[in-house]
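*Asks:* Below, each chain spelled out in residue letters.
Number of protein chains: 2
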Amino acid sequence: MMTKTKVQPLLVNYKTLEEFKRFKEYGNQELAMLEDLESNIVENDSESPFYGVYYGSALVARMSLYRVRAKYDNYFVPPQDYLALWKLEVLPDYRGLGYGKALVEFAKSFELPIKTNPRINSHDFWEKMGFQKATYDVERDLGENPLIWMPSGVEERDVNA
Amino acid sequence: MMTKTKVQPLLVNYKTLEEFKRFKEYGNQELAMLEDLESNIVENDSESPFYGVYYGSALVARMSLYRVRAKYDNYFVPPQDYLALWKLEVLPDYRGLGYGKALVEFAKSFELPIKTNPRINSHDFWEKMGFQKATYDVERDLGENPLIWMPSGVEERDVNA
Numbered sequence: 001m002m003t004k005t006k007v008q009p010l011l012v013n014y015k016t017l018e019e020f021k022r023f024k025e026y027g028n029q030e031l032a033m034l035e036d037l038e039s040n041i042v043e044n045d046s047e048s049p050f051y052g053v054y055y056g057s058a059l060v061a062r063m064s065l066y067r068v069r070a071k072y073d074n075y076f077v078p079p080q081d082y083l084a085l086w087k088l089e090v091l092p093d094y095r096g097l098g099y100g101k102a103l104v105e106f107a108k109s110f111e112l113p114i115k116t117n118p119r120i121n122s123h124d125f126w127e128k129m130g131f132q133k134a135t136y137d138v139e140r141d142l143g144e145n146p147l148i149w150m151p152s153g154v155e156e157r158d159v160n161a
Numbered sequence: 001m002m003t004k005t006k007v008q009p010l011l012v013n014y015k016t017l018e019e020f021k022r023f024k025e026y027g028n029q030e031l032a033m034l035e036d037l038e039s040n041i042v043e044n045d046s047e048s049p050f051y052g053v054y055y056g057s058a059l060v061a062r063m064s065l066y067r068v069r070a071k072y073d074n075y076f077v078p079p080q081d082y083l084a085l086w087k088l089e090v091l092p093d094y095r096g097l098g099y100g101k102a103l104v105e106f107a108k109s110f111e112l113p114i115k116t117n118p119r120i121n122s123h124d125f126w127e128k129m130g131f132q133k134a135t136y137d138v139e140r141d142l143g144e145n146p147l148i149w150m151p152s153g154v155e156e157r158d159v160n161a
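Sequence order for the protein chains is L and G. When we follow UniProt numbering, the leftmost residue of the first sequence carries the number 1, and every step to the right adds one. When we follow UniProt numbering, the leftmost residue of the second sequence carries the number 1, and every step to the right adds one.
Bound-form chain L, shown alone (with noise of 0.2 Å):
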């Protein structure tokens, strides 16, 4: 019997940041939550911008998710907050089973245009679920490689305008 995926937002706590460990894209974004947490700049369980996906009590699927606001907006038409989601994983015993598109539907519920960089290889994953390659400009994207979803009413913004 197929039952829905649900994704919840992560906070931030011990055990969570100990669950991130397993995760290949595990960098500075973790270290500076650990060092927060240990030096009590943050409290336990604030929030984070992870969401994630549990299979029982274990962490198998996350992403970040942060929105950006309109006036740092340089990919869209009209500018507007959008969405800059990254370090979208599932660990590799859970592939397959939807979990990445589930990650990716929660953050296309909130209506706002998403930009992602993807890592390499998972280009065939993003144009299924609807994204684009943004196109290429060096002083915007630098060493990215931008894809981008837009809701309807939404264009991408003519970087050579």
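Do not take every clue at face value.
Copies of the same chain are indistinguishable here, so a pair counts whether it falls within one copy or spans any two.
As the list claims (entries may be wrong) - Capping the alpha-carbon separation at 30 Å, the derived lysine-lysine pairs in DSS-like fashion look like this:
1. Lys71 <-> Lys15
2. Lys128 <-> Lys15
3. Lys15 <-> Lys133
4. Lys4 <-> Lys71
5. Lys4 <-> Lys24
It should be emphasised that the hints constitute simulated quantities derived from the structure, not laboratory data.
Based on these hints, arrange chain G on the given structure of chain L.
*Replies:* Below, chain G without anything else, positioned relative to chain L:
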């Protein structure tokens, strides 16, 4: 006998773009360069933000280096032009020969601060090259793991100030 590794600017042409395909971090940037060349938006042999090392006639190492203007500097004090370095990569058969180091030293020779967003598991290399982890700031860094290098007289900007 040791010879000094020669780092040279790479020009946009079909030969170079074909050689770029051998590098793992081939992405939107290279595809955009190819499209621009095919549609005559750029001239053959125009400048690219890439520098490389040849072994005989084969490109075996490369990096992209871009000068970010002071008004966009969110990393250093005083705010100033800095170099964004990305896609530093040495082809597998040519590793351990100092080509990566030669490229980074070439970047340092501009005497500007450098920012890079390294791939996972390359931190030891960057530490040896004198780079340090920038204090993580979610709004500024999003999914990045910024590492920075500063020439004397430059300091990291305090993101909490």
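*Asks:* Checking against the hints above, which ones are violated?
*Replies:* 1, 2, 4
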